[in-house]
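Peer 1: As they're listed, the protein sequences go chains A and B. Each residue of the first sequence is one higher than the one before, starting from 1 at the first, in this note's numbering. Each residue of the second sequence is one higher than the one before, starting from 1 at the first, in this note's numbering.
Be a bit skeptical, because a hint or two may be false.
As the list claims (entries may be wrong) - Listed next, the stretches of chain B that the computed footprint assigns to chain A, with coverage defined by at least 3 CB atoms under 8 angstroms from CB atoms of chain A:
{"no.": "1", "stretch": "40-51"}
{"no.": "2", "stretch": "127-135"}
{"no.": "3", "stretch": "151-159"}
{"no.": "4", "stretch": "176-183"}
{"no.": "5", "stretch": "187-193"}
Hints are computed from structural coordinates only; laboratory data are not their basis. Backbone N, C-alpha and C fix where the C-beta goes; we use that ideal spot for every residue, glycine too.
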Amino acid sequence: MKLTINGDTKELKDGISLPELLIIENVEQPDMVSVQINDEFIRQDEHTNVVLKDGDEINFLYFMGGGA
Amino acid sequence: MRDFSDEELERYSRHIILQDVGIEGQEKIANSKVLVIGAGGLGSPVALYLAAAGVGEIGIVDGDVVDLSNLQRQVIHTTADVSVPKVLSAKAKMEAINPNVKVTVYQKFLDASNILDIVKGYDFVIDGTDNFSSKFLINDACVLANVPYSHGGILRFGGQTMTIKPHESACYACVFDSPPPANAIPTCSSAGILGAVAGMLGTIQAAEALKYIVGVGDPLYNRLLTFDAKSMNFRNVNFKKNPKCRVCGGEGIKEIRDYEAVVCEAKL
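If we strip away everything but chain B, and leave its shape as in the complex, we get:
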């Protein structure tokens, strides 16, 4: 049990009066550790909402610096942050929103050599990355380390997300098997992204993390939520864990390896 200060009780009062959260749920949130991989379009809203919600410890990973072209959607960064490392820019905003939150920054990109050690220390992971080699690497690491996580992908006016509880629900590779070849699939930098769509998908991921931590509702297990902001149609596609899955199936993976780097860069 932890004693919330009067300041915290007031700050979290709208959570605490929520019947499915309450003081017990807020304690779970305060005692939780969430890792946000990528401080970009998805990572920005996730990090802001998790900090505001009072997640006890938030790790944030990104090796990049803020670019002017990020500001159309990466709402945690401001014009004054251009050229600043994204993790430092993000940490400053998160602490400004909620000084009760401990923010740990990892100013690097994740690869097979470091991802397992970082992921292991967290209760839940958010995939906010922008390339398939990272998305599959995160899936592998979370399955191996047995850490639940939220997959998120966005493109143009669309988004997709699913929540994965390793060995219990279908993983990303159950659905998509392996990364597509380099340049086979358009990226946000080559095909564009409506800024607000990043916010729509990121806030869904943040809600999934909080639901998991509190233990309320039905996470997006065994289903892919997809939406198209042009029609504003949302769909759930249901599936089952694939017993022959390359990653989480019978044999499964035993170790982490890097996928061929699929560089996500602007081709103008």
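One chain only, chain A, in its complex shape:
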């Protein structure tokens, strides 16, 4: 299936879950990333229930706390 991850389209095997994708994409600290799928944010405690589908658009948004 094709997934668009942070703007890049990738071919991945069917039926992978969100936690599996976080590992495949080498997301550091998966519990610290805000995940958006097709414009909806996925709550942290719902990650395990999400199975990705062909055409899903996924964004990983990271905390950035600097400013000084």
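With the hints as your guide, set chain B onto chain A.
Peer 2: Frame of chain A, contents of chain B only:
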């Protein structure tokens, strides 16, 4: 209406000839009040550009003094300012650039006891802070006081920013919910920051403030602009206001509380 002096007409001539600003836009800028929270990496370019632009009143908040390690990126401060309170150092530069601007200094850090009273008096707020407890506190205060603001965050070679119009566009907590645990996320002092990246993000925040004041263009509502200066890729991630947001959603927050202080200090 206000009458600009000949000096002001000349000073702001490049704004005034801009079709989307004009004399009316410059009047709006001159009649506006903007609060800059943090006189550091982001606050420096924001304060300089807002003063140069002729924002009528600029408040600047910081409880710290200038440190030698700040000078790599905090361009409002100079070597001679080391050990001087940042707000006083910043005020001197802002007034030197533009004596028409009234600068109010708050030589303190904001917390739940003082933030609402300060934020309430301004038309727009800039988050230029360096820690998550402050960033979430500013979001809460701006939502409660209904004051639009610009969120900014930087780390290493990257930056992110969004503009928030409370109750109309998504707020910071719609996207990130709550502060991460202490020390979970690297900070500029622990992981570094390319000095120029602070300037890139701060000038975007200053442009957003001026756009909002003049009423021109599309502010960064409902989208997070992120960039990576290594690849020089810029991306917008779009989203909607979260109706269940902890801060601005249906129930929302009713009062200001301090978040657990997440100390942002150098761990060498």
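Peer 1: Taking the hints in turn, state whether each one holds.
Peer 2: Checked hints:
no.: 1; hint: 40-51; in the structure: holds (count 4)
no.: 2; hint: 127-135; in the structure: holds (count 7)
no.: 3; hint: 151-159; in the structure: holds (count 6)
no.: 4; hint: 176-183; in the structure: holds (count 3)
no.: 5; hint: 187-193; in the structure: holds (count 3)
Checked against the numbered hints above, the structure violates none of them.
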